[in-house]
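Asker: Using the sequences and the hints given, assemble the complete structure.
Single-letter residue listing:
There are 4 protein chains.
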Amino acid sequence: MSEKITPKLITSEWFNTDSPLSIQALKGKVVVVHAFQMLCPGCVSHGIPQASVVNDAFSKDQVQVIGLHSVFEHHQVMTPDALRVFLHEYKVTFPVAVDQPSLDKVLPKTMDSWQLQGTPSLIVFDKFGQCRLKHFGRLSDLQVGTIVGKLAAEENNPVLADDTATTSIKSSHSTPNCNDDACSI
Amino acid sequence: MSEKITPKLITSEWFNTDSPLSIQALKGKVVVVHAFQMLCPGCVSHGIPQASVVNDAFSKDQVQVIGLHSVFEHHQVMTPDALRVFLHEYKVTFPVAVDQPSLDKVLPKTMDSWQLQGTPSLIVFDKFGQCRLKHFGRLSDLQVGTIVGKLAAEENNPVLADDTATTSIKSSHSTPNCNDDACSI
Amino acid sequence: MSEKITPKLITSEWFNTDSPLSIQALKGKVVVVHAFQMLCPGCVSHGIPQASVVNDAFSKDQVQVIGLHSVFEHHQVMTPDALRVFLHEYKVTFPVAVDQPSLDKVLPKTMDSWQLQGTPSLIVFDKFGQCRLKHFGRLSDLQVGTIVGKLAAEENNPVLADDTATTSIKSSHSTPNCNDDACSI
Amino acid sequence: MSEKITPKLITSEWFNTDSPLSIQALKGKVVVVHAFQMLCPGCVSHGIPQASVVNDAFSKDQVQVIGLHSVFEHHQVMTPDALRVFLHEYKVTFPVAVDQPSLDKVLPKTMDSWQLQGTPSLIVFDKFGQCRLKHFGRLSDLQVGTIVGKLAAEENNPVLADDTATTSIKSSHSTPNCNDDACSI
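Protein chains in written order, with our numbering: chain R, 1401 to 1585; chain B, 1401 to 1585; chain Z, 1401 to 1585; chain P, 1401 to 1585.
Keep in mind that the hints were calculated from the coordinates and are not lab data. Owing to the predicted nature of the structure, the values given are computational and were not obtained by experimental measurement. Some hints could be false.
When chains are identical, the list treats them as one kind, so a pair holds in a single copy or across two.
Below, in silico cross-link-like pairs of lysine-lysine (DSBU-like), each with a Cα-Cα straight-line distance of 30 Å or less [as the list claims (entries may be wrong)]:
no., residue 1, residue 2
1, Lys-1460, Lys-1509
2, Lys-1509, Lys-1427
3, Lys-1460, Lys-1491
4, Lys-1505, Lys-1460
5, Lys-1404, Lys-1491
Answerer: Okay, here's the thing in structure tokens:
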């Protein structure tokens, strides 16, 4: 299934990096974006540790992991200041961006643009900046290893858009809701 | 080793209960107090789930579990409003008190009075309001079951004070510090 | 519910002990019998590690853990020789008895006498040799800690028989069958 | 590092398949061989479940998982009859071969030919029958996903032999020895 995601992060602040990162400028590397909220239980127990493992497992020349703090509920307590403490206490070392809040929408701008369904979401771009995976909910380490290993091994040509895999956990709630795995919009 | 802890909670707010609880008023029940901070990784991954399991395992006639939010660092982001969201998202259902902040000390009042070393700490009172366990750091479910099972089975007489067990993880840090297991003062 | 179990092990061989143990001779101690089969997945993943944790957690003056290899299926491959290798490879250090095979029944003699429903089963005797727990299937560490902590704290008088707790996983199979948790008769 | 492994299984018996498998005949598929012993704790707790997850995660058109029972110790109890029971109780569904015992050596023939260091070992062949990974000890699911995902995505040409990855846990024992992770020769 084709998935037209503009490989552009719209952010208001960055942690764990001297300067903002850009997916377009990272061409030549696989980019793994982990969208999360600091008070989303599934993000804390599963998504963040998995992103750290991916960050540790691959050479920085090959794979760039980016955290994206996409707050769509409880905005008043999941502030950048609270996020800074969270990243410190949980010893998150990869770059993390704050998804830019919208003036008129509940969803922050990157989340809205990418049409994410909730947190955690994993969005993977190939070396050519094409989105190859957009997944809401929990993926196993084997699944993440398989897609990243595949994309890291690709050498020559951009793949056709219809090679894109887009999978998701079905969300039956119309209001924000968290379970052990995920928080949905 | 004897441990003179006044069985008194000094609190500023309560969640998940219609009225404040008092250890003295709970005589006849074993009281298990889980002191935590919402951004302490060891509390979130181990302490809170364990307290929930204890809460589910015992009859409310026998054992009362109480959460105590004892913030000694990053006060500005671990506010009662943030705690309310945390308890909601993590589906914590047992009563939780906010340890009353001190006007002139970093440590909140109950934590200071009980001389806790950090979070998570588990403090267990017998049916007579005597402190029988004060532990900083991680305890296994088997250890918690053993002490609560023992105290829940006691029927008749207050034990002598020197039966009190006080154990702790050694803390070598003089400044606030968190590892996977705990945050120490 | 009352449970009349004769506190007698009928065995053919012992490992990890110089001489056979007897529940009657262990009066004054809580005796925790873990009945298992070496090719029962739930015993290997959960029961044996839990019995080892109980063995490590309590003083030998207070609690005696005993493994009981109660083979009721695949007798030809779960032999004492195979068990010896299993105990060595899995580094089991507490005493383990071979439940004595019957000449005319599928069930070994202790298992038959105690009317166990399968493996793993946990059978706990108090300091007076009374059976206080007979459980088929998985118990949490908190549950095991609670019962052992309670019995280890009992000092003076034998309890009445109707204090006995007998719990079990319902087994709907009439032929031997294993799932992740247990193998039933 | 180059690793010249003949892609040939020397076997005496097969389970879970109507006819013996051959790595050469599987050209076009990635072949994942999990070498194990049924009484090796690290194989049972980690290796076998991981092989099952790999077996479930990939299309049979792309990836073939094969278990290889390479007994190098306690031959008298880890017999094919015992293995049959083990595979049944642990619900292993992928094809499993018995590594052919040697008449004059402790090591079975495939293990000896491939110079494996112990169990569990993971040996991965690409679509052209070239060995691309030979690993003794535990690998994370992320690591296994990465190598299998990479090889499954390769389309056109055999890679050069020096692309082969060979990694191992260092073994300091000269006699057979098991720890939680592995049993070494």
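Asker: Does each hint fit the structure? Answer for all of them.
Answerer: Here is how each hint holds up against the structure:
no. : hint                : in the structure
1   : Lys-1460 - Lys-1509 : within (27 Å within a copy, 41 Å between copies)
2   : Lys-1509 - Lys-1427 : within (22 Å within a copy, 48 Å between copies)
3   : Lys-1460 - Lys-1491 : within (18 Å within a copy, 38 Å between copies)
4   : Lys-1505 - Lys-1460 : neither (35 Å within a copy, 44 Å between copies)
5   : Lys-1404 - Lys-1491 : neither (34 Å within a copy, 36 Å between copies)
Consistency note: the structure conflicts with the earlier hints numbered 4, 5.
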